[in-house]
Structure formats: structure tokens, C-alpha cells
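A.B. asks: Here is what each chain is made of, one letter per residue.
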Amino acid sequence: MLCDSCHERDAVVHLTTIENNAVHQLHLCERCAAERGVETTVAAPKHPLGEFLQAVHQQVTAGGGGAGASGEGLRCNFCNMTMADFRATGRWGCARCYTTFEAGIRELLRRVHGNHRHVGRAYRPPMSESLERSSALGELKERLRRAIESEQFELAADLRDRIRVLE
Amino acid sequence: MSVDLSLLPDGGVGWLDASGQYSDIVLSTRIRLARNVEGYAFTGRARDGERLRVLAQVREAVATVPSLNEAVMYRLDELPPTSRALLHERHLVSKELAGLDGQHPLRTGAAVFLADGLGLMVNEEDHLRLQALRSGFALQEAFAAIDKLDRDLGSRVPYSFHNEFGFLTACPTNVGTGMRGSVLIHLPGLVLTKEIGKVLASLQQMGLTYRGLYGEGSEVVGNFFQISNQTTLGRSEEELLDQLLRVVGHVVEREAEARRVLLRDAGYIIEDKLWRAYGTLRYARSLTFDEAMNYLSGVRLAVGLKLISTLSVYTLNKLLIFSQAAHLAYTEGRALTESETNLARARYVRKALEEEAGSVG
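Residue numbers (this note's numbering), protein chains in the order written: chain H, 1 to 167; chain L, 168 to 528.
A couple of the hints might just be wrong.
Said to hold, decoys possible - Cβ-to-Cβ under 10 Å is the rule here; a few derived chain L residues that face chain H: (1) Asp171; (2) Leu172; (3) Glu217; (4) Ala311; (5) Tyr326; (6) His329; (7) Asn330; (8) Val342; (9) Thr398.
It is worth saying that the hints were derived from the structure and are not from the lab.
Quick reminder that beta carbons are idealized off the backbone N, C-alpha and C, glycines included.
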């Protein structure tokens with residue numbers, strides 16, 4: 001059977017439509033079906049993150065941003081991540097980013113998962129007093145290293161004082 | 168240094184021994200948990216030194232975790248590409264961790280701990296990727312094993328956790344439970360009866376998704392699909408697994424029904440097609456990977472339909488793994504060009520089928 005539209009290729013899609021109670025049968029080749037927006041193959045699963053990133057991008061280019069919910073203008077104080085970095089990679093830089101960009105993340109998670117609240121297993125990290133101190137110390141030292149690297153000397157001095165107290 | 172797979176307790180292939188429920192349709196079940204260690208930038212943003220410290224901290228903890236204290240550790244960053252490809256082909260490490268995905272460089276500190284049916288990848292996209300792998304349809308067993316490992320490890324290494332968002336991950340699509348359950352399933356009946364489109368579309372409405380043989384970004388080949396949960400947040404681990412359990416159970420029923428319909432309505436056509444697939448595998452002198460997968464899919468269906476009775480599902484599972492490029496090079500003991508790989512593949516498949524042939528037909 002030839003395609004009802006181009007009359008050249010074999011019809012492989014058989015489309016039944018009902019309009020005003022009348023049934024129409026249309027036989028189309030793959031190309032003509034695609035031109036009419038009829039899906040003939042299994043569509044790849046949509047990736048909600050991709051859609052979100054696109055939405056964020058449009059919001060930014062449309063000028064509706066600011067340091068509000070979108071997180072524009074913010075910078076993570078642990079890993080120096082910005083929204084622009086996130087848009088480029090689709091990945092957060094560290095656990096602290098979830099606090100820095102909290103409002104935007106909540107919206108993002110709602111879009112990706114349809115929800116923003118974890119209801120699974122709760123967790124408490126192991127924390128003996130000495131472990132707590134050493135992990136806080138480790139984190140401060142890490143931040144100090146980063147502060148020095150990015151030449152934020154005032155922050156570095158402040159961090160150094162805090163490390164001294166803990167030590 | 169090249170990898171010595173004989174060190175692994177089960178050669179790393181215990182998951183394809185064809186045991187477990189529905190093993191002629193469901194090859195394997197895998198559950199993975201994504202976790203990050205508190206106090207470091209996530210892997211993608213961490214420097215070499217940080218990743219090495221993460222590895223050292225995890226290594227120390229692993230030594231006292233019961234299910235991993237006898238695990239074999241491989242430093243991916245110290246292995247040649249062929250060995251890394253071998254581990255990837257056995258589904259023991261991701262393409263990203265093996266530095267083979269073409270997007271991420273091989274990372275300093277990339278490592279994997281492997282024990283019987285359990286794995287722990289370090290410095291993947293997240294600091295930790297715990298995985299449990301089981302033969303057949305075995306979500307509950309896999310979850311019991313991974314949950315135990317997670318609790319043991321999490322009481323020794325502090326994970327990044329947020330009261331509202333749950334376990335924190337580099338990619339927002341994994342946050343919350345950090346859990347992805349996936350079932351590797353063979354659906355030739357649904358493909359041949361052209362029902363597959365409907366089934367796959369309905370998966371998405373149920374919050375599930377599908378991928379090819381090697382997970383994210385991989386193509387569907389040989390009618391093998393990996394069905395997994397799409398979302399990780401807003402529902403508990405049990406709810407997510409329960410949903411996956413019910414839907415996959417339903418897909419298995421649909422597949423079984425499609426196979427019955429095929430036999431009933433197109434018996435001799437199907438029989439002829441499947442025997443031709445067997446004949447090609449048995450006698451071909453050169454096979455590309457896609458060809459081999461497609462014919463193996465046919466033969467697997469023939470075994471499921473009991474048209475071929477002297478071939479075991481276990482042999483077919485092994486062929487899926489051992490007819491891949493890195494495994495062929497490993498068996499031949501040298502690097503192979505593409506055409507040499509195709510020749511070696513045909514030779515390997517022929518030999519395996521000959522050994523089991525006996526009175527096939």
C-alpha cells in the first residue's frame with residue numbers, strides 16, 4: 001500500500017481518526033507521518049533535568065533572575081560553585097551547595113521528582129566528640145586551602161583563627 | 168599492571184548464573200545507592216588530593232565492614248584501559264569510573280571494592296556508589312544486602328545528608344534516597360509483537376524509565392532493557408522498590424503472554440527465525456557485537472520457548488559477557504583490531520555452542 005500523502009513510499013503507519021463521528025483511515029509512510037507529528041518509534045525517555053536546565057536558562061536570558069529563587073549571583077562558600085557552573089555541568093559542586101542554592105534547588109527537585117521532601121531512610125552521621133572536632137577541623141582546613149587558592153585573604157585569616165581555636 | 172579477575176570470589180560474574188526468579192526473562196537485578204562523604208567537594212569539583220583522601224578514609228572504614236572486609240580493591244587509575252574495559256564489560260564498574268565514557272577523564276583516586284555480589288565504587292560522580300547485583304529477579308534480596316552495607320559503612324564514614332532533601336548527590340536526579348533499582352530484562356516477545364512501544368510508554372507514566380544494556384546513555388541492543396525507577400525523592404526506598412517490583416512483574420507477564428501469542432499465531436515463522444539465529448551463531452566466521460547480541464537474543468528466546476532444550480541460560484548469559492571486545496582480547500591474550508575482534512567473537516561463540524550442542528535439534 002502506498003502512502004496516502006506522497007503516493008511514493010510504502011505506508012507503514014495506519015492512522016485512525018474520529019472527527020464529527022466519522023471515522024477516517026489514513027495510511028502514511030514514516031516520513032509523512034513524522035511531518036504530521038505522528039510518532040512512529042519509541043521516544044527516548046525525557047530527561048527532566050534537561051528541561052529544567054533549559055527553563056533556568058530561559059529565565060536568565062529573559063532577565064528575570066536576580067539573586068532570588070533562581071540563585072543567580074550566589075556563590076557557594078565551600079566550593080565556589082555558581083548557578084552558571086551548575087547550568088554548564090548539571091551537577092552541584094558539594095553538599096554545601098544544597099544550602100547555598102536552597103530555594104532554587106527546592107524548585108528544581110519539585111520539577112525533577114515531583115517532590116522536594118525526602119521521606120526515605122533517615123540518617124545520622126557517626127559523631128563522637130573527637131570525630132566531630134576533627135571533621136570540623138578538616139572542613140575548615142579545606143576551606144582555608146580554597147580561600148588561599150582564590151586569593152580571598154580576609155576569609156583566609158578568619159578561617160585560620162577558627163582553626164587555631166579548635167586546635 | 169593488569170587486572171587479575173581470578174582474585175574475585177565469583178570471578179565477578181556470579182550475577183549471571185541464571186538462578187533466581189524468572190531467570191529466562193530477567194537476567195539480573197541491581198540496586199545502587201549514591202552517597203557522598205561529608206567534608207569534601209563532590210568528585211567532579213574535587214582536586215586530586217581530596218579524592219585521594221576520600222579513598223583513604225573509605226579504605227580504612229571498609230576494612231572493618233563485615234560484607235567488604237575481604238573485598239578485592241582495584242585502583243582504576245592504575246590499570247591499563249584494557250583491564251578497565253574488562254571490569255566495565257562485567258558490569259562491575261561504570262563507564263565513567265573506568266574513564267571510558269569519552270566525557271570524563273580517568274580520575275585520580277578512582278577505585279572499586281568488589282565482594283560476592285557487592286560493589287563499592289569510589290570517586291564516581293558521587294564519592295560512593297554502593298551496588299548489589301543478583302541473578303534473576305531479586306529486588307528484595309539485593310536491597311537487604313545493600314541496605315546492610317549502607318548502614319555498616321554509614322556508621323563509619325559520615326555521609327552528606329540533609330533533613331529535607333535526604334542523601335545529597337552531585338546530580339539532582341539522584342538526591343533523596345540516592346537509590347536506583349534496575350532490572351535487566353529480555354523482551355523479544357514484546358518487540359516482535361510490536362507491543363513494546365506501549366509497554367515502554369506506560370513505564371514512564373509509572374515513574375519508571377528504561378535504558379540499554381549498559382545503563383544511562385547506552386542503546387538498546389538484543390532486546391535487552393534495563394528498567395529502573397526514575398525518581399529518587401519523595402518516596403521511601405520500600406515504596407520505590409515496591410513500585411518497580413509490581414511493574415516489572417507485570418512486564419514479565421506481558422512478555423510471557425506475547426511469547427504464547429507468537430507461538431500460537433506464527434509458530435513456524437518464529438521457529439524458523441530462531442533456528443536461523445542459532446545456525447548463524449553456530450557457523451558464522453565473523454560476528455559484529457550487534458549481530459551477536461541480536462542472534463543471542465533469538466537463541467535465548469528459543470531456549471525460553473523450549474524450542475532448544477540442550478542449551479542453558481547460564482551459557483547464554485556468559486556469551487553476552489565473554490563475547491565483548493575486551494573479554495575477547497583478554498582471552499586471546501593480545502590487542503585485537505576490529506576485524507580480528509569479529510573473527511575472535513565468532514570463534515568463541517562457535518566453540519561455546521559446540522561444547523553444549525550434543526543433540527541440539
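A.B. asks: Work down the list of hints and note, for each, if the structure agrees.
C.D. replies: Against the structure, the hints come out as follows:
no., hint, in the structure
1, Asp171, "34 Å, violated"
2, Leu172, "32 Å, violated"
3, Glu217, "7 Å, holds"
4, Ala311, "14 Å, violated"
5, Tyr326, "6 Å, holds"
6, His329, "6 Å, holds"
7, Asn330, "8 Å, holds"
8, Val342, "7 Å, holds"
9, Thr398, "4 Å, holds"
This entry does not satisfy hints 1, 2 and 4, going by the numbered hints stated previously.
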